[in-house]
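K.L.:
Protein sequences, first through last, are from chains A and B.
Under numbering that gives the first Met the number 0, the first residue of the first sequence carries the number 0, and numbering increases by one thereafter.
Under numbering that gives the first Met the number 0, the first residue of the second sequence carries the number 0, and numbering increases by one thereafter.
Please note that a few of the clues may not be correct.
[Stated by the list, open to error] Some chain A residues well away from chain B (every beta-carbon gap over 12 angstroms; in silico):
no.: 1; residue: R80
no.: 2; residue: V307
no.: 3; residue: D369
[Claimed, not checked] In silico DMTMM-like cross-links for lysine to aspartate or glutamate, where the CA-CA straight-line distance does not exceed 20 angstroms:
no.: 4; chain 1: A; residue 1: K315; chain 2: A; residue 2: D286
no.: 5; chain 1: A; residue 1: K240; chain 2: A; residue 2: D286
no.: 6; chain 1: B; residue 1: K11; chain 2: A; residue 2: E176
no.: 7; chain 1: A; residue 1: K270; chain 2: B; residue 2: D165
no.: 8; chain 1: A; residue 1: K16; chain 2: A; residue 2: E355
no.: 9; chain 1: B; residue 1: K67; chain 2: A; residue 2: E176
no.: 10; chain 1: A; residue 1: K343; chain 2: A; residue 2: E153
no.: 11; chain 1: B; residue 1: K155; chain 2: A; residue 2: E230
no.: 12; chain 1: A; residue 1: K240; chain 2: B; residue 2: E66
no.: 13; chain 1: A; residue 1: K290; chain 2: A; residue 2: E335
no.: 14; chain 1: B; residue 1: K155; chain 2: A; residue 2: E224
no.: 15; chain 1: B; residue 1: K93; chain 2: B; residue 2: D54
no.: 16; chain 1: B; residue 1: K155; chain 2: A; residue 2: D369
no.: 17; chain 1: A; residue 1: K145; chain 2: A; residue 2: E67
no.: 18; chain 1: A; residue 1: K270; chain 2: B; residue 2: D158
no.: 19; chain 1: A; residue 1: K290; chain 2: A; residue 2: D233
no.: 20; chain 1: A; residue 1: K240; chain 2: A; residue 2: D151
no.: 21; chain 1: A; residue 1: K343; chain 2: A; residue 2: D151
no.: 22; chain 1: B; residue 1: K97; chain 2: B; residue 2: E66
no.: 23; chain 1: A; residue 1: K240; chain 2: B; residue 2: E2
no.: 24; chain 1: A; residue 1: K239; chain 2: B; residue 2: E2
no.: 25; chain 1: A; residue 1: K239; chain 2: A; residue 2: E224
no.: 26; chain 1: B; residue 1: K155; chain 2: A; residue 2: D232
no.: 27; chain 1: A; residue 1: K308; chain 2: A; residue 2: D286
no.: 28; chain 1: B; residue 1: K155; chain 2: A; residue 2: E211
no.: 29; chain 1: A; residue 1: K343; chain 2: A; residue 2: E67
no.: 30; chain 1: B; residue 1: K11; chain 2: A; residue 2: D243
no.: 31; chain 1: A; residue 1: K240; chain 2: A; residue 2: E230
no.: 32; chain 1: B; residue 1: K155; chain 2: A; residue 2: D233
no.: 33; chain 1: A; residue 1: K315; chain 2: B; residue 2: D158
no.: 34; chain 1: A; residue 1: K240; chain 2: B; residue 2: E16
no.: 35; chain 1: A; residue 1: K290; chain 2: A; residue 2: E176
no.: 36; chain 1: B; residue 1: K155; chain 2: A; residue 2: D311
no.: 37; chain 1: A; residue 1: K290; chain 2: B; residue 2: E66
no.: 38; chain 1: A; residue 1: K239; chain 2: B; residue 2: E10
No wet-lab data here; the hints were simulated from the structure.
Glycine included, each C-beta is placed from N, C-alpha and C at the ideal position.
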Amino acid sequence: MRAMVYRGPYKIRVEEKDMPRIEHPNDAIVRVTTGAICGSDLHLYHGMMPDTRVGMTFGHEFVGVVHEVGPSVQNLAVGDRVMVPFNVYCGSCWFCSRGLFSNCHNVNPNATAVGGIYGYSHTCGGYDGGQAEFVRVPFADVGPTKIPDWMDEEDAVLLTDALPTGYFGAQLGDIVEGDTVVVFGAGPVGLFAAKSAWLMGAGRVIVIDHLEYRLDKAGSFAHAETYNFAEYDDIVVHLKKATDYLGADVVIDAVGAEADGNFLQQVTGTKLKLQGGSAVALNWAIDSVRKGGTVSVVGAYGPIFSAVKFGDAVNKGLTLRMNQCPVKRQWPRLFEHIRNGYLKPSDIVTHRIPLEHIEEGYHMFSAKLDGCIKPLIVSSAS
Amino acid sequence: MTETPTPYVAEKRTPMELAETLRARIPGWGVDLDPADRPSFPREQPGIQTGAHWDFPERQPESRPREKSIEHAFVTPVFGTSTPPAGVSGAIRKYAYKYSEGRAAHWLLLIAADRVNAWEHHLRSLATLRPDNPVTETGVLSEPARHGLRSRFGSKRADVNHQWIDPILVGGPWVLAGLGAVTAVRALARRASGRK
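The following block holds chain B by itself, in its conformation from the complex:
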């Protein structure tokens, strides 16, 4: 090391590239240099025009009791109605909403409900004309067309060391469920034939 690096002395060792040079090589360089030209400066802008023509919005009708955070004073005047809670997962979700957003229990119960919810629907789908198909629904069939091997290998990528876990996470429970079903059917068949 020939020179003392910057932080040990008062001035930056490496001078900045000249503004004229930067302006010449980068379209628009410095056009927002003045913070006043930056739309989120300052962060809060009281009185900003939004298009709202109400002080408090009219309330969206609630066709069923809507789950809400206990940190809210009431159900907000507008809300999404995508997928109401139902079944076992719905019961877990409703229980999770007894805890505030500050409690780990709230979020961990919701995550648990998400996993239960998926299996409720997987099982229900088996009784329909369109059962869940983890092969088509994961999109893995696009691997050859999207150059799966060439994309992953040949350059240094940091994610190939854990991508192998994904098929186990997704397919593992299906394999276990399948083995469980086969075992159960064989046990029932044995019982029906009177064998021990």
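The following block holds chain A by itself, in its conformation from the complex:
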């Protein structure tokens, strides 16, 4: 089969690779019909995630058709169109049985601090991902769900990570009616978090980024007030002034490890990999939220230490909430919101790249060229 493979930092290519096979009785093999590149894939692409091995296939956002099932699979059959959450999880461990699917303890021998994620290094379990023609899907009775007939395929692929993660980020903020919510990052997750904040009753939603085209999208798609931090000497001070010196009630970090805005953080965090990521957005979140407020973190960070202003968080009495999103828990409610017309996830898709040209997609997304917000990967499998 054809698959994207990692060749070292900033380098990928498409190769012929062995077909995935059933390795566990509850496995399925899925033929990928549409995939996506996630902003967090860029952390792998840039070599920031420890134990990212040459030869691995990335991709944790994909939908497709069931090609083969293992002997114990009961809920899926060959030919079913399925959407697959980015979490690999067992459904039965201490964490899964409480709904913490992203924290599953039965799928990742390499680390206890993180669950399993498709195509996301051995630190997340060593599973090949869905930027390929076929992919192995463990625990087929637990994670995947048949795509409803009424749902667009592109909406479905955005439901495998980006939309639920943004929606989850807004939930972590514990928003109450009238709250001022600031979202750092106008990428896919930030756009969905901003949109979700309104659903939860926010009174004001502000989105911060440095890319004008993304801020334009935050205004039109998420009805948000926007500021380009590159145009201000100090965005924290600006946010204080914009909130009558109080600070926001809730701040959501939807940026993560490659945050811009501080050259030293960029060089040490993303270029030299001496930190788990550049913590600029997280530090701005801590500084711009009001005392006693809540910071929600859904941006992805690596497992190494990062230079975070923890003292300010303590002194301000903040509530810090964070996790990888347990995707499937979000689906029933998000399906309702899509059916009711409150959300149209595929509105943020800007590019559709054939798998054979995926290296162009990564470069464009990484360098933020051509107005790229969300690139999908179109498989060549027939």
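Add chain B to chain A, keeping to what the hints say.
P.N.:
For chain B alone, coordinates are given in the frame of chain A:
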């Protein structure tokens, strides 16, 4: 300043936009106002239905010893088999797994192994019909078609101050390796011709 800003007094100075107005201009405003309608509230929901029909999953066969965190009691019943450790980088990885996730040594050794791993494969690829090509594999050839210059300049972007480092990080080692190879070949040629 004409009025005392909010945090110095008890009430917010700026009243919230009316709920009716928000509902009229933003589709779905407030539909998840009640935390009970939010799927991740409360965070932990004991007994949630997952589709699992086992207490503990059947174990996936281990065809080779699988590296694992020493914070795990055993190799988890299901695991990925993408790219087993091999070569010098594999030895470094196996050594890294002697340290817990709480130790910096664990992660820094893994990062070092990643860099070694890349060069192992770059060198190996030179002996194949498809050697690594940092130009095509980085996707930079798409720059003209994707409006590289227009995208970067003309508006304020905070990332152009460090993007210039990327070609050095990616191409620098290739240039150094090339120069090293040329130097070595010339030295060998000199030795073969008997010149000093």
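K.L.:
Hint by hint, which ones does the structure fall short of?
P.N.:
Hints 3, 9, 12, 13, 15, 20, 29, 33, 36 and 37 are the ones this structure does not satisfy, whereas the remaining hints hold.
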